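Protein chains: 2
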Amino acid sequence: MKIKKKEIEQRMKHFETVCRDEGIKLTHQRIEIFREIAQSGDHPNAEQVFQRTRNRIPTVSLDTIYRTLWLLNDHGLVKTLGASRERNRFDANLNSHHHFVCGDCGFTRDFYSNDLDKIRLPDSVDSYGEIEATHVEVRGVCRKCVEKRR
Amino acid sequence: MKIKKKEIEQRMKHFETVCRDEGIKLTHQRIEIFREIAQSGDHPNAEQVFQRTRNRIPTVSLDTIYRTLWLLNDHGLVKTLGASRERNRFDANLNSHHHFVCGDCGFTRDFYSNDLDKIRLPDSVDSYGEIEATHVEVRGVCRKCVEKRR
DNA sequence: TTTAATGCAAAAGATTTGCAACATG
DNA sequence: CATGTTGCAAATCTTTTGCATTAAA
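Keeping their order, the protein sequence lines are chains R and Z. Numbers in this note's numbering are just positions in the first sequence, counted from 1, shifted up by 542. Numbers in this note's numbering are just positions in the second sequence, counted from 1, shifted up by 542.
Calculated from the structure, these hints are not laboratory results. Model, not experiment: these values are computed from the prediction. Glycine residues also receive a C-beta, built at the ideal position from the N, C-alpha and C atoms. Be careful, since some hints might not be right.
Distance windows between CB atoms, simulated [unchecked claim]: (1) R/G565 x Z/K546: 49 to 55 Å; (2) R/L568 x Z/K660: 33 to 39 Å; (3) R/Q593 x Z/K690: 22 to 28 Å; (4) Z/Y608 x R/P600: 50 to 56 Å; (5) Z/I545 x R/P600: 49 to 55 Å; (6) R/V560 x Z/Y654: 37 to 43 Å; (7) R/L568 x Z/R596: 32 to 38 Å.
Taking lysine-lysine pairs in the DSS-like style, the calculated list, with each CA pair at most 30 Å apart, reads [claimed, not checked]: (8) R/K660 x Z/K567; (9) R/K660 x Z/K544; (10) R/K690 x Z/K555; (11) R/K544 x R/K621; (12) R/K660 x Z/K686; (13) Z/K660 x R/K555; (14) R/K544 x Z/K690; (15) R/K660 x Z/K555; (16) Z/K621 x R/K686; (17) Z/K547 x R/K621; (18) R/K686 x Z/K555; (19) R/K686 x Z/K660; (20) Z/K621 x R/K621; (21) R/K544 x Z/K686; (22) R/K555 x R/K544; (23) R/K621 x R/K555; (24) Z/K660 x Z/K547; (25) Z/K660 x R/K544; (26) R/K547 x R/K660; (27) Z/K660 x R/K660; (28) R/K686 x Z/K546.
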């Protein structure tokens, strides 16, 4: 999936606006790092962003990639797939179920729903490959963390 | 959320059956490691499984935890949350969208659906905290990997 | 010019591996 | 008893941090 030129330009513009508003300096590195993610339809990890950004800025360093990615994340300019800054977690529940995950502390709980289990996917998904399982991930803030934020 | 005694026993039984069928030795360590995951409603990471298993087997080592977790995963006895054995990935698409992820190679693509965006969650979810976003994750095998498997 | 960001190198953290001792089937 | 599994220690891989230099506003 290629991202349309117009969409990329919009993302870049939004990025620049947010940076200006929040007093984040628009460095050469940050612009190119953000561009790499904004223009890619896959969802690269830090190492991949590093390799791709090096094509444009050969002297960029990996730690700048990390610092920038989390900065962008903290300001809502990018999101992580799965739970953020988390280690791999394991689940022995083999029944069809869904997850609620707290973005602050990682608190995770299962929930069940017959309605959700019947979800119909758009045909376009089939074109990506064979589907094995579908599950809903709800991100939010758990009760404890809601308290803490006050 | 506490897992019911009966459910835990069922999971343990299934675990033992699969191990016997597949010629995996039922060691003290494996049994206790699996039990820890089977009886927990949160979804522990390797370190947490390690700490909890040490209560029962003080001499267990962290590398046995890792080896066992991936063994269980390979035999379908546990699943990982999010994409398995993957590093953090970043996404600059801030529009409401969903993901298809290949379990073999990590290939990931966005897809859109107005129907899915309207998903209604069961009330029980609200009791966990405040909901910020809901998205569907489809796991499967991408076209390339389907080819490779033949 | 002031302040924040970068690159480097080193530290810290997480996961994996080789191998001798040991336990399971 | 044979083989696969464990624990240890060391290696590897990933991410973060301190600090002097550099660049943005």
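Consistency of the hints with the structure:
Taking the beta carbon of each, R/G565 and Z/K546 are about 52 Å apart, inside 49 to 55 Å as hinted. A beta carbon spacing of about 38 Å between R/L568 and Z/K660 agrees with the range 33 to 39 Å that was offered as a hint. The given range of 22 to 28 Å is respected by R/Q593 and Z/K690, whose C-beta atoms sit roughly 23 Å from each other. Distance hint for Z/Y608 and R/P600: a CB-CB separation of about 36 Å, inconsistent with the stated range 50 to 56 Å.
For the pair Z/I545 and R/P600, the supplied restraint of 49 to 55 Å holds, since their beta-carbon distance comes to about 53 Å. Distance hint for R/V560 and Z/Y654: a CB-CB separation of about 24 Å, inconsistent with the stated range 37 to 43 Å. Checking the proposed 32 to 38 Å range against R/L568 and Z/R596 shows it is violated: the Cβ atoms sit about 49 Å from each other. In summary, the hint linking R/K660 to Z/K567 is not supported, as the alpha carbons are separated by about 38 Å, beyond the 30 Å threshold.
With a C-alpha separation of about 26 Å, the suggested pairing of R/K660 with Z/K544 holds against the 30 Å cut-off. Annotation: proposed proximity of R/K690 to Z/K555 is violated, straight-line Cα distance about 41 Å (limit 30 Å). In summary, the hint linking R/K544 to R/K621 is supported, as the alpha carbons are separated by about 19 Å, within the 30 Å threshold. Straight-line distance between C-alpha atoms of R/K660 and Z/K686 comes to about 27 Å, which keeps the hinted pair within the 30 Å bound.
For the proposed pair Z/K660 and R/K555, the alpha carbon gap of about 29 Å is at most 30 Å, so the pair holds. With a C-alpha separation of about 24 Å, the suggested pairing of R/K544 with Z/K690 holds against the 30 Å cut-off. Pair hint R/K660 plus Z/K555 holds up; C-alpha atoms about 29 Å apart against a cutoff of 30 Å. At roughly 27 Å between alpha-carbon atoms, Z/K621 and R/K686 fall within 30 Å of each other, so this suggested pair holds.
For the hint pairing Z/K547 with R/K621, the CA-to-CA distance comes to about 38 Å; that exceeds 30 Å, so the pair is violated. Taken as a hint, the R/K686 and Z/K555 pair is broken in the structure, with Cα atoms around 35 Å apart against an allowance of 30 Å. Under the criterion of a C-alpha separation no larger than 30 Å, the hint pairing R/K686 with Z/K660 is consistent with the structure, at around 27 Å. Note on Z/K621 and R/K621: the hinted pairing holds, with a Cα-Cα distance of about 23 Å set against a maximum of 30 Å.
With a CA separation close to 18 Å, the supplied pair R/K544 and Z/K686 stays within the 30 Å bound. With a C-alpha separation of about 19 Å, the suggested pairing of R/K555 with R/K544 holds against the 30 Å cut-off. With a C-alpha separation of about 17 Å, the suggested pairing of R/K621 with R/K555 holds against the 30 Å cut-off. At most 30 Å may separate the alpha-carbon atoms for a hinted pair to count; Z/K660 and Z/K547 exceed this at roughly 36 Å.
Under the criterion of a C-alpha separation no larger than 30 Å, the hint pairing Z/K660 with R/K544 is consistent with the structure, at around 26 Å. For the hint linking R/K547 to R/K660, the alpha-carbon distance of about 36 Å lies beyond 30 Å, and the restraint is violated. With a C-alpha separation of about 14 Å, the suggested pair Z/K660 and R/K660 falls inside the 30 Å cut-off, and the hint holds. Our distance criterion of 30 Å between C-alpha atoms is met by R/K686 and Z/K546, whose separation comes to about 24 Å.
Hints 4, 6, 7, 8, 10, 17, 18, 24 and 26, counting from the list given before, are not met by this structure.
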